[in-house]
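Chemist: Sequence:
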Amino acid sequence: MKRSPEEMLAEFHRLYDIFEAIEDAVHNQDGTYWTAGFGRLIHSRATQLDRVAKGEFPPGEIVLGTRQAIRGTTDQLVGLLQDDPATGEKALATYRARTGRDYWDDVEPPKKLLAIILKRGRIRDAAEHRWLHGRLADAKSPLRAAEAALAQRILAEFEGSISPKDSA
Numbered sequence: 000m001k002r003s004p005e006e007m008l009a010e011f012h013r014l015y016d017i018f019e020a021i022e023d024a025v026h027n028q029d030g031t032y033w034t035a036g037f038g039r040l041i042h043s044r045a046t047q048l049d050r051v052a053k054g055e056f057p058p059g060e061i062v063l064g065t066r067q068a069i070r071g072t073t074d075q076l077v078g079l080l081q082d083d084p085a086t087g088e089k090a091l092a093t094y095r096a097r098t099g100r101d102y103w104d105d106v107e108p109p110k111k112l113l114a115i116i117l118k119r120g121r122i123r124d125a126a127e128h129r130w131l132h133g134r135l136a137d138a139k140s141p142l143r144a145a146e147a148a149l150a151q152r153i154l155a156e157f158e159g160s161i162s163p164k165d166s167a
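Take 0 as the starting number for the sequence shown in numbering that gives the first Met the number 0 and just add one per residue.
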């Protein structure tokens, strides 16, 4: 079903909110990213909307571009979680504090997240719990036996350490 230009613009705003929040959480540690760092080179929401208004791009193009930007920042975040877990987890906490939501609930987590959770040996929060539970139940991409066993143990440990209201 084809979406209307208005629906595409609403989707763009939703995605750009996610992008702006995670980009800020990952890169703006000293407060200069948007003015002196790489962030100053990113096309602003206003610039993109202006280009749509001028007919330079259809709304669908800025939606696709914003999705690509989110994937790029997600890849950087995954790199942080692998190489510098404290900084990666700080970025996720910053995103959560800013938006009131978990990042992995707002975007499709990359498959690399499974390796990170399994290596860490624990689930960090309810968003990872929901994702890992869904990953185990996903018949389209079954886990290897050793991965599935470890994931089930990690899930059981997390579920045993929280009250039912905490996992919602």
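Keep in mind that a hint or two might mislead.
Under the rule of at most 25 Å between Cα atoms (straight-line distance), these lysine-lysine pairs were calculated in the DSS-like manner [said to hold, decoys possible]:
no.	residue 1	residue 2
1	K110	K89
2	K1	K53
3	K111	K89
4	K89	K53
Derived from the structure by calculation, the hints contain no laboratory data.
Chemist: Take the hints in turn and mark each one as holding or not.
Modeler: So, going through the hints one by one against the coordinates:
1. Only pairs whose Cα atoms come within 25 Å are accepted, and K110 paired with K89 is accepted, the gap being roughly 21 Å.
2. Among the hinted pairs, K1 with K53 is consistent with the structure: their alpha-carbon atoms are about 22 Å apart, no more than 25 Å.
3. Only pairs whose Cα atoms come within 25 Å are accepted, and K111 paired with K89 is accepted, the gap being roughly 18 Å.
4. Of the supplied pair hints, the one linking K89 and K53 is violated, its CA atoms being roughly 39 Å apart against a limit of 25 Å.
In summary, the one numbered hint that this structure violates is 4.
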